[in-house]
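Sequence lines, in order, name chains A, B and C.
Read in the UniProt record's numbering, the first sequence has 4 at position 4, and its numbers run on one by one without any break.
Read in the UniProt record's numbering, the second sequence has 240 at position 240, and its numbers run on one by one without any break.
Read in the UniProt record's numbering, the third sequence has 163 at position 163, and its numbers run on one by one without any break.
These are calculated hints, taken from the structure and not from any lab test.
Ideal placement from N, C-alpha and C gives every residue a C-beta, glycine not left out.
A portion of the hints provided could be inaccurate.
[Stated by the list, open to error] Listed below are several chain A residues computed to face chain C (Cβ distance under 7 Å; list not exhaustive): (1) Ala113; (2) Arg116; (3) Leu119; (4) Ile161; (5) Val165; (6) Ile175; (7) Met221; (8) Phe232; (9) Ile236; (10) Gly499; (11) Pro502.
[Stated by the list, open to error] To list a few chain B residues with every Cβ distance to chain C over 10 Å, as calculated: (12) Ile83; (13) Ala185; (14) Ser197; (15) Ala270; (16) Ser271; (17) Thr283; (18) Ile303.
Residues per chain, in single letters:
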Amino acid sequence: MTDVFVRDSPLRRSYLWQGGHTLRSWLLSTDHKRIALLYAASITLFFFLGAVAAALMRLTLIDPQGRLMSAETYNKTFTFHGVVMVWFFLIPSIPATLGNFLVPLMVGARDLAFPRLNLFSWYLYMVGGLFTIACLLLGGVDTGWTFYTPFSTMFSDSHVILAVVGVFVVGFSSILTGLNFIVTIHTMRAPGMHWYRLPLFIWGIYATSIVMMLATPVLAMTLCLIGLERLFGVGIFDPSLGGDPVLFQHFFWFYSHPAVYIMILPAMGVVSELICCGARRRIFGYRFMTWSLLGIAFIGFLVWGHHMFVAGQSMYASMAFSILSFIVAVPSAIKVFNWVSTLYRGTIDFHAPMLYALGFIGLFMLGGLTGLFLAAVALDVNLTDTYFVVAHFHYIMVGGSVMAYLGGIHFWWPKITGRLYSERMAQLAAVLMFIGFNLTFFPQYLLGYMGMPRRYHQYPPQFHALNVLSSIGAVVLAISYLMPLFYFARSLRSGASAGPNPWQAAGLEWMTSSPPPEHNFVETPVVTEGPYAYHEHEEQA
Amino acid sequence: MSVVRLPQASSFAPSIDHMFDAMVILCGVVAIGVFAVMIGMCIVYRRGSKADRSIPVAQQMGIELAWTLIPFLLFVGIFAWSIRLWVHLRSPPADSLTIYVVAKQWMWKVQHPDGRREIDALHVPLGKPVRLIMTSEDVVHSFYIPAFRIKQDVVPGRYTQLWFKATQAGNFQLYCSEYCGTNHAAMLGTVSVLPASDYARWLVSVTAMTPEQRGRQLFVQMGCSGCHDPQSGIRAPDLHGLYNMPVHLNDGTVVQADDAYLRESIVFPASKIVQGYTPIMPTYQHRVDEEGILALIAYIRSIGPAPPAASQDRSSHD
Amino acid sequence: MNAHLAEHFDDPPQQKEAAMLGMWAFIATEVLFFGVLLAAYIVCRWRFPAGFADGSRHTDLLLGSIETAVLLASGCIMAVGLREIQLAKQRSACLAIVITAALGVAFLVLHGMEYVDEYHEGLIPTVRYLQNGTDADSMEVFFCLYYVITGLHSLHVLIGVVLLLVIAERTRRGHFSPHYYTPLEIAGLYWSLVDIVWIFVYPGIYLAGHSA
Numbered sequence: 001m002t003d004v005f006v007r008d009s010p011l012r013r014s015y016l017w018q019g020g021h022t023l024r025s026w027l028l029s030t031d032h033k034r035i036a037l038l039y040a041a042s043i044t045l046f047f048f049l050g051a052v053a054a055a056l057m058r059l060t061l062i063d064p065q066g067r068l069m070s071a072e073t074y075n076k077t078f079t080f081h082g083v084v085m086v087w088f089f090l091i092p093s094i095p096a097t098l099g100n101f102l103v104p105l106m107v108g109a110r111d112l113a114f115p116r117l118n119l120f121s122w123y124l125y126m127v128g129g130l131f132t133i134a135c136l137l138l139g140g141v142d143t144g145w146t147f148y149t150p151f152s153t154m155f156s157d158s159h160v161i162l163a164v165v166g167v168f169v170v171g172f173s174s175i176l177t178g179l180n181f182i183v184t185i186h187t188m189r190a191p192g193m194h195w196y197r198l199p200l201f202i203w204g205i206y207a208t209s210i211v212m213m214l215a216t217p218v219l220a221m222t223l224c225l226i227g228l229e230r231l232f233g234v235g236i237f238d239p240s241l242g243g244d245p246v247l248f249q250h251f252f253w254f255y256s257h258p259a260v261y262i263m264i265l266p267a268m269g270v271v272s273e274l275i276c277c278g279a280r281r282r283i284f285g286y287r288f289m290t291w292s293l294l295g296i297a298f299i300g301f302l303v304w305g306h307h308m309f310v311a312g313q314s315m316y317a318s319m320a321f322s323i324l325s326f327i328v329a330v331p332s333a334i335k336v337f338n339w340v341s342t343l344y345r346g347t348i349d350f351h352a353p354m355l356y357a358l359g360f361i362g363l364f365m366l367g368g369l370t371g372l373f374l375a376a377v378a379l380d381v382n383l384t385d386t387y388f389v390v391a392h393f394h395y396i397m398v399g400g401s402v403m404a405y406l407g408g409i410h411f412w413w414p415k416i417t418g419r420l421y422s423e424r425m426a427q428l429a430a431v432l433m434f435i436g437f438n439l440t441f442f443p444q445y446l447l448g449y450m451g452m453p454r455r456y457h458q459y460p461p462q463f464h465a466l467n468v469l470s471s472i473g474a475v476v477l478a479i480s481y482l483m484p485l486f487y488f489a490r491s492l493r494s495g496a497s498a499g500p501n502p503w504q505a506a507g508l509e510w511m512t513s514s515p516p517p518e519h520n521f522v523e524t525p526v527v528t529e530g531p532y533a534y535h536e537h538e539e540q541a
Numbered sequence: 001m002s003v004v005r006l007p008q009a010s011s012f013a014p015s016i017d018h019m020f021d022a023m024v025i026l027c028g029v030v031a032i033g034v035f036a037v038m039i040g041m042c043i044v045y046r047r048g049s050k051a052d053r054s055i056p057v058a059q060q061m062g063i064e065l066a067w068t069l070i071p072f073l074l075f076v077g078i079f080a081w082s083i084r085l086w087v088h089l090r091s092p093p094a095d096s097l098t099i100y101v102v103a104k105q106w107m108w109k110v111q112h113p114d115g116r117r118e119i120d121a122l123h124v125p126l127g128k129p130v131r132l133i134m135t136s137e138d139v140v141h142s143f144y145i146p147a148f149r150i151k152q153d154v155v156p157g158r159y160t161q162l163w164f165k166a167t168q169a170g171n172f173q174l175y176c177s178e179y180c181g182t183n184h185a186a187m188l189g190t191v192s193v194l195p196a197s198d199y200a201r202w203l204v205s206v207t208a209m210t211p212e213q214r215g216r217q218l219f220v221q222m223g224c225s226g227c228h229d230p231q232s233g234i235r236a237p238d239l240h241g242l243y244n245m246p247v248h249l250n251d252g253t254v255v256q257a258d259d260a261y262l263r264e265s266i267v268f269p270a271s272k273i274v275q276g277y278t279p280i281m282p283t284y285q286h287r288v289d290e291e292g293i294l295a296l297i298a299y300i301r302s303i304g305p306a307p308p309a310a311s312q313d314r315s316s317h318d
Numbered sequence: 001m002n003a004h005l006a007e008h009f010d011d012p013p014q015q016k017e018a019a020m021l022g023m024w025a026f027i028a029t030e031v032l033f034f035g036v037l038l039a040a041y042i043v044c045r046w047r048f049p050a051g052f053a054d055g056s057r058h059t060d061l062l063l064g065s066i067e068t069a070v071l072l073a074s075g076c077i078m079a080v081g082l083r084e085i086q087l088a089k090q091r092s093a094c095l096a097i098v099i100t101a102a103l104g105v106a107f108l109v110l111h112g113m114e115y116v117d118e119y120h121e122g123l124i125p126t127v128r129y130l131q132n133g134t135d136a137d138s139m140e141v142f143f144c145l146y147y148v149i150t151g152l153h154s155l156h157v158l159i160g161v162v163l164l165l166v167i168a169e170r171t172r173r174g175h176f177s178p179h180y181y182t183p184l185e186i187a188g189l190y191w192s193l194v195d196i197v198w199i200f201v202y203p204g205i206y207l208a209g210h211s212a
């Protein structure tokens, strides 16, 4: 307990000590770094809840008859998995933890613009989470995370209202977080930190925040209408009252497609930081990288209809949504090429964050390329609502966002806690995760190609072997997700002191001590150069 | 591994598979290329290697534009290819055989033109275009035959359609692919493709009332004829020769009397009022189910022009 | 004047810029909230023109028009209040804000009277809906949307009234001066949002059907 780190007290000069160490001092803290840790703890909890649901599903699917659980239980399990992973893990993951911690540090501010609003957002998240857990404990909900009407409004006899209220509340948390970031990035940059000197992580968070603010209200109101329809028979989506279920799908995807970008844009920001540090190079094509982030955020609002090619929208609407979906893939392609080019003439270290970043590029690319199949309407007709789609979005969401999130956690862990972790173990976990992920989800592309529909708890025998393979992959994946819990716990107890900049990384967050003091910087920093000035550092070394 | 190619059992299957294969090759080449470059760089520029590390330019407009425009043009090409197939997928030939499908938690009910009905099974003739007109009694379902490469959501409150031409005799799996509640995974069916002569024999092997006959029966039973019969005293639009003809509405617009219009007029009679009539018809929404509505439409389609004596009462075509 | 500066800001202009931008961003999200409802309204109106026109004719055009006048007048007086504080006239600024809040209350009372009338006429779906013409079903959809939209708007008015009363009290106590009046300006922005939403609601719901 009395190791050098505590005695020598970088800890005593940090936010972890200065703000007090009662539970109350954490729960009422308005320090963005403490709020980031509150989020980190709560989303980790939700991640493992969602992961247990996924494990149960994979276990059920080992058997073609799905005898492990009843159809009803299986339906509730995948609904819970979807709701929790989308709204309580992926959407808040990078913005609310890494974003909260790093945005003020990276722009050289002492806190976010509205610190109390920030704490309030976390409480909203928790209230939403409690509704969701209450829903689970009372028997769950079986509508799928998409809440399609009229099933959710008239036919399901599960706890739809509780689930909808939970998502509604957590939506406000997301709106307020986005608002806070936008105002902070606009008004609180340090002297000399003009827009084109911002790290790409900040650009990623900025683009994400715009989407959060402008798309989430649509979801909130749509869920409100579902609630009213279920409780009072308001007939806006119910065909028996003259409403239109396809209108619901338009509203839902108007939010939920941009929501995909809420999950992936911050991940792109994280990976840009990781690649530059790992290759010790300035990012290739900085301005194209910033504009492609904004381009994805903007065009992302116009492609929702590609979820509805076979839902009954007009043939011409589908054509328009198809070409727009191809166009939104262009900026993503630019990003992949720029990341790879950044490696050119670099000095590449294969530390754990870099392994995650390289893994991200590979998996995100595979997810993106299979997205092209789905954007091509004629191919989508056959592939949509099959396991091909399941595999596609898991490559983006898990292979992309989760890899980037974990890469980011490994990269900034020394900054957040002031401690180092076991590099060996972390590298092993990253490699295992890449293998386990592909083993789990690549077979699902093949299943989809062979025509296995989604959300089936039992299936014809020709799909058996691939499902077993996928479940075996899930075991490997589960092990690789559990490993960080152990070596991070050990790092917290007895990790070596990290020092302010263990990676010799560029960026304002590395110029202050680790962990940072309560107000981040002893003196307001002054910025004199663009981001990622690694080559200068490297030459000095 | 047991990856098997789906049978190519419809006229769409070869062209869609062709495009799919082309995409696999294109995307495979891109993926392998990017992986190769990435791994190559990782090896050449690993820390401690003796590679040239003089500082490269950090941005080159030419390169950036190249990898913006080349993917864009490729995407436009793929888009054009898929659109050609898509229009084909959405354009049923005029001589298609029309079969009605009603989905319901958790079964498929099929109504053939000559009256034969079946559940969770669909018999179709080989080599003849078939058009399915589908609706749902309850929630959204999706009609999916992987061997035909076709899928269409079946939505309550509206008619969606789908067409195909089976090119291979045999039995193929039908799935519901839009999540529809507890027994979604059990909402399966079998599509049997029969040679045309066998199909004709199959149709008549069970004698059943044709949809027109059932519709006529309902028309009388539910009292429709009390108003819509030209001889009745009550002013309601005459339905003779109405099907697929233009109808003038009292707000000045003209609509076509297609299936969707007729369904809406039965379920929500007040929403489109024929010119010169008052909205006095009650809704039949909860009095007739989707199959009954289809039968009524079949009956309305079957009745030709009105007998000359009664035609003075018509005003919808002036 | 630095008493108003929170410790994480460098100077008062930065703090004011942050507060104002935050409010504008909030207004952008509010526009989307109401935007969905108005989009739903437009789609349903297009599906059921007759029922919706009939529904509009059942709304109280006179009360609706008075409400519009009340709300627009209140917006104008709020702007006067802002001007007065910029001229360092705390007392008249306070008076203007109180009048704005009072007009907000008047709007709520008038709207409440509409709701009571509609209750007696049996126009409130699921609570008391006594219509049974051929249009009754689609008119019910109209009234559902009418209550969701006007209900959400009235909720915003109510929150605005509370906010204005708090601001009025702070003005009375002399918290604001020509050098610092950001909360007052923000409350004014919020009140403009309430006004502007109503400017879309009034013609869309009250006027559109009466013309037919």
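Verification of the supplied hints:
| no. | hint | verdict |
| --- | --- | --- |
| 1 | Ala113 | 4 Å, holds |
| 2 | Arg116 | 10 Å, violated |
| 3 | Leu119 | 13 Å, violated |
| 4 | Ile161 | 15 Å, violated |
| 5 | Val165 | 16 Å, violated |
| 6 | Ile175 | 5 Å, holds |
| 7 | Met221 | 4 Å, holds |
| 8 | Phe232 | 4 Å, holds |
| 9 | Ile236 | 6 Å, holds |
| 10 | Gly499 | 26 Å, violated |
| 11 | Pro502 | 27 Å, violated |
| 12 | Ile83 | 27 Å, holds |
| 13 | Ala185 | 33 Å, holds |
| 14 | Ser197 | 46 Å, holds |
| 15 | Ala270 | 4 Å, violated |
| 16 | Ser271 | 6 Å, violated |
| 17 | Thr283 | 7 Å, violated |
| 18 | Ile303 | 25 Å, holds |
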